[in-house]
Amino acid sequence: MKTEDWVSLLATGVEPIDAKRTARRQLLAIIGGLFGALAFTAGILRLNPALSHAVVEPMFWIREAYCAALALLGFAAVTRLARPGTRLGLVPAGIGTVVLVMWIFAATVLLRAPAQDRSHLIFGKTAAVCPFLIALVAAPLFFSFLWVLRELAPTRLRLAGAAAGFAAGSLGALVYSLHCPELAAPFLGTWYLIGMLIPTALGAWFGPRLVRW
Amino acid sequence: MQSKEERLRSLLIRGLVGDASAYHIFLSELTAHLRFFVRRRLAHLPEEVEDLVQELLLAIHNQRHTYDRAQPLTAWVQAIARYKLIDLLRRRSRTNGLHDPLDEDDDLLAPADGDAAEARHDLAKLLQQLPDRQRLPILLVKIEGGSVADAAKRTGMSESAVKVGIHRGLKALAARIRSIS
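So the sequences go chain by chain: A and B. Numbering (my numbering) for the first sequence: 1 to 213. Numbering (my numbering) for the second sequence: 1001 to 1181.
Chain A with its partners taken away, still in its complex shape (with noise of 0.2 Å):
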C-alpha cells in the first residue's frame, strides 16, 4: 500500500482522545494492586497485635515515610519511563537520597549503641523472611504497574521493569510494615532494601519481554 494511503487510512474517523483515562486507569490498577497487597498482609500474615503501641513512636513513622517516599519515587519513574522521549530527571538522585539518609541514620545508630546490641539492630528477630515477605505483598502491585506500563509505551524496557518492580517492592513494603514488628533503622536499611530490590530485579530481567509493544 502507498503511505499516502495509509495514511489516510489512519486518518480516517479518528476518536478524540480523553486525556483523563489514563489517569484513571493508573489509580484503578494502583488501588486494585493495593486491595490485594492489603488482603494478603491482613488475611494470611495478620496485622502485628501491637500496632496501637507502635504507633506512638516516632520510628513508626520514619519507617512508613521511608517506604512511602521510597514508593512515590517509584511511581514517579514508572509513569515518566511510560511514555517515549520523556526524562527521569531527578527521580534516581532521590532514590539514592532516601537510601542513603536511611543508611547514615542506621550507621549512627550502631555506632552509639553497645557492642552485644549491635546485631540485635540489624537481624531483628525476622530478617530471614522479611525479604521474601516483602517480595510476597509487592507481587499483585507488580502486577498492576507492569499493567500500567502496557497501557503506555515504555521505550526503555529494562529499566521500565526495573521501576515497576522497585514501585512495587516500595509500596508492598510500605503495606508489609502493618504486619512487621521491626523498626530499627539498621533492620530497615538492609531487609526491607532487599526486600524492594527482589522485584525490581525480577522486573529488570522480565520487563522486556512482558512490556514490549
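Just so you know, these hints were derived from the structure itself, not from any lab. Fair warning: this is a prediction, and the values are worked out from it, not measured in the lab. Fair warning: there could be bad hints in the mix.
Unchecked claim - In the DSS-like style, the derived pairs of lysine-lysine whose C-alpha atoms are separated by at most 25 Å in a straight line are:
| hint | chain 1 | residue 1 | chain 2 | residue 2 |
| --- | --- | --- | --- | --- |
| 1 | B | K1153 | B | K1171 |
| 2 | B | K1125 | A | K2 |
| 3 | B | K1125 | B | K1142 |
| 4 | B | K1142 | B | K1153 |
| 5 | B | K1142 | A | K2 |
| 6 | B | K1125 | B | K1171 |
| 7 | B | K1084 | B | K1004 |
| 8 | B | K1171 | B | K1142 |
| 9 | B | K1084 | A | K2 |
| 10 | B | K1171 | B | K1084 |
| 11 | B | K1171 | A | K2 |
Unchecked claim - From the structure, some residues in chain A lie toward chain B, with a derived Cβ separation under 10 Å:
| hint | residue |
| --- | --- |
| 12 | T3 |
| 13 | D18 |
| 14 | A128 |
| 15 | L152 |
We treat Cβ as the ideally placed atom computed from N, Cα and C, and that holds for glycine.
Place chain B on chain A using the hints.
Frame of chain A; chain B shown alone:
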C-alpha cells in the same frame, strides 16, 4: 526547526481532540521527516524503508494517547522511531539465518501466462490463508471498499485493530506472493 516543531505539535494536539483533517496533515507532514530518519539509518536496507515508515506511522497513531502535551513532540516521535527501528533490526538479525537467498534469475525467465481470472482466483486463495483478523478487514475495506468504521462494526473489532489487520495482512500477502513467484 523550532517553528516546524510548533506547527506539528499544534496539528497533533488538534488531532488528539478529534480534528481528523488536522490529524491527516500532521501524519502526512510527519511522513517526510520519518522517511528521512529511516532512510539515513537503513541505507543498507532500502527495501525496508517504506515498510518501516508505515509501521512508525501506525505506532505513532496507536500510541498517540501517550503524548504528553507539555513535552517536546520531537523527543516523543524520536523515541518511538528509535524503539521501532531497533526492534526491526533485532528481528532481522534473529531471522536472517533462516531465509533462503532469492534466486533472481528464476524470476526473469518465469512464464507470464496467468490471465486476470486466474489472478483473482489466486488472490482469493491467498486471502483464505490469512487469519480472520487480517482477512476480514482487507476484504471489507480494500476489496469491497467499505469504511474502516463499518468494518469495525461488522467484525466486532476496534477501528485500530482493523487498521493493524489491513497493514499486517497486506504485508503477509506481499510476502506470500513473493515466495510463490
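Here is what the structure says about each hint:
Restraint check: the Cα-Cα separation between K1153(B) and K1171(B) comes to about 23 Å, which is no more than 25 Å; the hinted pair holds. Restraint check for K1125(B) and K2(A): the C-alpha separation of about 23 Å stays at or below 25 Å, so the hint holds. With a CA separation close to 16 Å, the supplied pair K1125(B) and K1142(B) stays within the 25 Å bound. Taking the CA atoms of K1142(B) and K1153(B), the gap is near 16 Å; set against the 25 Å cutoff, the hint holds.
For the given pair, K1142(B) sits about 13 Å from K2(A) by alpha-carbon distance, which is consistent with the 25 Å threshold. The straight-line distance between the Cα atoms of K1125(B) and K1171(B) is roughly 16 Å, inside the 25 Å bound, and the hint therefore holds. For the proposed pair K1084(B) and K1004(B), the alpha carbon gap of about 23 Å is at most 25 Å, so the pair holds. About 13 Å separates the Cα atoms of K1171(B) and K1142(B), which keeps this hinted pair within 25 Å; it holds.
Distance restraint check for K1084(B) and K2(A): the Cα-Cα separation of roughly 20 Å lies within the 25 Å cut-off, and the hinted pair is therefore satisfied. With a CA separation close to 17 Å, the supplied pair K1171(B) and K1084(B) stays within the 25 Å bound. A hinted pair counts as satisfied when its Cα atoms are at most 25 Å apart, and K1171(B) with K2(A) qualifies at roughly 12 Å. Checking T3(A) against chain B: minimum C-beta separation of about 6 Å stays under 10 Å; hint holds.
Of the supplied interface hints, the one on D18(A) holds, with its beta-carbon coming within about 8 Å of a beta-carbon of chain B, less than 10 Å. With a least beta-carbon distance of about 42 Å to chain B, the hint placing A128(A) at the interface is violated under the 10 Å criterion. For L152(A), the interface hint holds, the least distance from its beta-carbon to any beta-carbon of chain B being 5 Å, beneath 10 Å.
In terms of the numbered hints stated before, the structure departs from hint 14 and from no other.
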